[in-house]
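Can you make the complete structure from the sequences, with help from the hints?
Going by our numbering, the sequence shown opens with residue 1233, and the numbers climb by one from there.
Source of the hints: derived by calculation from the structure; they are not laboratory data. No experiment lies behind these values; they were computed from the predicted model shown. The beta-carbon is built from N, C-alpha and C at its ideal position, and this holds for glycine as well. Be aware that a few hints might be false.
With a straight-line Cα cutoff of 20 Å, these simulated SDA-like cross-link-like pairs (lysine to any residue) come out [as the list claims (entries may be wrong)]:
(1) Lys1384 / Val1356
(2) Lys1402 / Ser1387
(3) Lys1384 / Leu1403
(4) Lys1344 / Pro1386
(5) Lys1273 / Gly1244
Label-pair ranges, simulated between beta-carbon atoms [claimed, not checked]:
(6) Asp1381 / Asp1260: 33 to 43 Å
(7) Lys1241 / Met1399: 36 to 46 Å
(8) Glu1359 / Ser1387: 10 to 20 Å
(9) Glu1315 / Gly1244: 14 to 24 Å
(10) Glu1359 / Gly1244: 29 to 39 Å
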Amino acid sequence: RVYSIRSMKKMGTGAYYEAICQDLSFGDVTEIPPYAFYGVKYGNIYAENLPSGLKSIGDYAFARSDIYIDTVGPGGMFPASLESIGHYAFFKWVPSNADRLVRLDFTNSSIKTIGDFAFASAFVYPEIILPEGIEEIGTNAFVLSKPVDTVKLPSSLISLGESVFDMNTKLEVVSGTYG
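This is how it looks when you write it as C-alpha cells:
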C-alpha cells in the first residue's frame, strides 16, 4: 500500500504497477513515466496535487487503473505545464467512484499532443474541453469514452488521428475548425 508520495523528484517506469494507493501527491516530478500507475486500485489524486511542473504523462501511465482524479471547479485536472499525454495513458480508466465523472478540461494546460488511445474506453464527463494550442490528437484517442456528448476542436489543431471519437454513441456536437 502506498498512501503518499510527497517529496519525490523522479519516478521509474512501472513504479506503482498494480499497487493499492490512496490520496496521492507527487512532489516535484516533471514526468509520470510509462506504466507508473498501471492497474492501480483505490487511489485518489486531487488535481491540485499534480505537480505544477508536470510536462508529460507517459504511455500507459494510468491505464486500467481506478484512480480518481478530483477536478473540482473550472480549469480542469491538468497543470499549466503539461505538454503531452502518451499513448494509452488513461486507457480503460474507470475511477473507483465512477458515480462522479472526471471532467477532461485542458483549459489551463499547455497540452500540445494527446497520444493514440490516450482516453479510449475511459469514464469521463460528457464535455471534453480542448485548449487553443493543442496541435495533435492521436488515433482513437477518445474512442468509446463514456458518456461524451460535446467536443470543441480548437483552430490550433494540425493533426487529428483516425476514429478519434469513434463509437461514442452519445456524441452529438463536434465543432470548430482545424488545420
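Checklist entry - Hint by hint, which ones does this structure get wrong, listed from lowest number up? => result 2
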